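Could you build the full structure based on these sequences and the hints that come with them?
Chains as they are written, first to last, in the working numbering: chain A, 1 to 170; chain B, 1 to 367; chain C, 1 to 160.
Some hints here could point you the wrong way.
Claimed, not checked - Among chain B residues calculated to face chain C with C-beta under 8 Å, some are:
1) His42
2) Lys47
3) Gly51
4) Trp211
5) Asp230
6) Tyr300
7) Glu309
8) Gly311
9) Tyr313
10) Arg324
11) Arg328
12) Phe336
13) Thr337
14) Asp366
Source of the hints: derived by calculation from the structure; they are not laboratory data. Remember, it's a predicted structure, so these values are computed and weren't measured experimentally. Glycine residues also receive a C-beta, built at the ideal position from the N, C-alpha and C atoms.
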Amino acid sequence: MEKMTEEQVKSIANMLRKRSLWMIHYCTGCGAMELPPTMTSRYDMERFGLAPYVTSRQADILLITGYLNVKTLRRVITVYEQMLDPKYVIGFGSCTLNGGVYWDSYAVIKQLDRYIPADLYIAGCMPRPEAVISAFRHLMELIDSGKADGYKRYKRNLAYYKENQRKVLG
Amino acid sequence: MSKSYELFIGPNHPGIPGNFSLKIELEGDTVISAKGDPGYLHRAFEKAMEGRYYIQNLALIPRICVPEPDINEAAYAMAVEDLMGVEIPERAKYIRTIVLELARAANYTFWMGGFAGTLGLYTLAQWSFGDRDYALDLFAEICGARVYHMYIWPGGVRRDLPPGWEDKLLGYVKYMKERLIDYDNIFFKNVMFKYRTKGIAVVTKEQAIEWGATGPILKAAGVAQDVRKDDPYAAYEYLDFEIPTLTDGDSWSRAMIRRWELENSLNIIEQAVKKMPKKGPVWEKMPNPLKWYVPEGETYAKVESARGEHGFYMVSDGTGKPYRVAVRGASHTHMFTIAEKVLIGQRLADVSHILVSLDVCPPEIDR
Amino acid sequence: MMDIVDKIKGIEGVKVTVQRENRIFVDVSEDKVISTLYNMKLIGFHQLSVQNVIDRIKDNKFEIFYVLYSREYKINAIVRTWIDRENPVIKTADKIYPSAHTWEREISEMFGIKVDGNEDSGKPFILENWKDLPPMRKDFDSVKYSSEHFVFRHSEGENE
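Now the structure itself:
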């Protein structure tokens, strides 16, 4: 039998990877309110192979549900760094994009991707479960095509991220 | 020789009701001290509200408490109306009552699922989160949003109910009443539920009054205090309902009180739909948003949320923006004054269900 | 309603205003707050709903208010007092109302008011690593702070 090239191995790994994504159970903001309906009987995200999981070491997806307070950001960065590669970050809601309604608040960060790399954003406040599921489907496509490379960017631009983190966390 | 150790529960923990952290000291698996650490959801609402016009604040206030946003809208609207001396139309009062009770029912169904989840009974969680969605569908129909409605605003409600909505609402009430029997059979009559919750985390009548408890905690301890009865707002004075009370004050009683309150809410919705004037204005005209000057003064407006008394202390200096708004969330007292004391002596496995049974809602604490 | 107003008027050094039905404002001087709260509890105001501060920067004062509630009379009484904005200190009310303890922690952090007798006053509560002015004061500019500390998103592709 012919030996597989590295490309082929990667594409098979990505194909398998996208079908079993575990999402860490961390309600960072009010967007966590729309997750129980997404997880349970009505929208049932488990049919896509997605499930909530309790520890950061075993999780694949970090879902930032809404605004990020500076105090939470510190924990989110720890959680993100504890997670093993490959790992994906989804910014949920307008607050992760540009601060949303909290644009003038002294406690809320304005752009998630300055501190940790985001693979995908879901706009809106608050996004409906359909939007969440569609984002997961989109993430699967990104993983399949190898475009969801946030964790690689984090390693490559570590100095940039660390400097931004230090600036806001003090 | 016994040795104690410290344990962090949260902020990243499936048993914690939201983004909140708890530092507990344990001996074996018995809690000897508990200390809450809030601030993970602090968004500086009170500061942000000072910098915005009254109408802009409408977008902010529902976000103070996520599971039941409508109480914030109602308390805010009542505070502004009180300062401006506005009386809202009759139909708007009934619509407010219906919306508030629907939100309460949705919150209790959500709470039930969470509570059953912390006890390991996930079937109820699957059912009740699914059933809560029917209430959210009704909200989506009247205002376009599932979670944050911004439907109640100063002067009444934003727009009239869509045609045929009342029938759908009554259909929901009928469905929920049938579902309650199922809930009883799978959860509230379940022996395991009784074993896990009877006699756990008791708050006696004296303690509840002394510590300043409100809502289901106080009712479970045997005191019938409810803002809807004591200081009626919206259309509650025209409606007939009872405040359920129990005497034990334990986790079981609090769960049962919430179950009865859910039934109560459904009954109130039915009554309100029957008694509501079929036609009429739903909004008392308010000034142009940019020239919306509220007379100088201070007021305290309170409503009964699913957790207890929820209030807005509002100070106006006669300009278009509020001078100061202080929010009173019931969880603030329930977490720091009650939960920290009640958790002592309990077992580690019970900590998360005690927190849920006291219904600690972190966004309300941090604001 | 009126008999309870008379009872409150009996407390030394208070100024009582009836705003509307079921709502009374009780104004006291700084040194009489704790004794007034104690007497209010004896009268039957068993519950402290909220305690917080208003920054009256024009008068150079902090207004401290306690919203009390009595189930028996179904009345909200609001006890108010004013203290100086320079070196603000209040006395704790947590021996009278246990829930005041946490409100005072919040006040001391958000306004920089020292609470005498409350061992948690001055310790970090909601904020972490806060080095600026106490944020709820009127002279703290939230917009300025956030534009200095955070970067706003302006256009596509600006980052990296």
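>> Tell me the hint numbers this structure goes against, listed in increasing order.
In response: none
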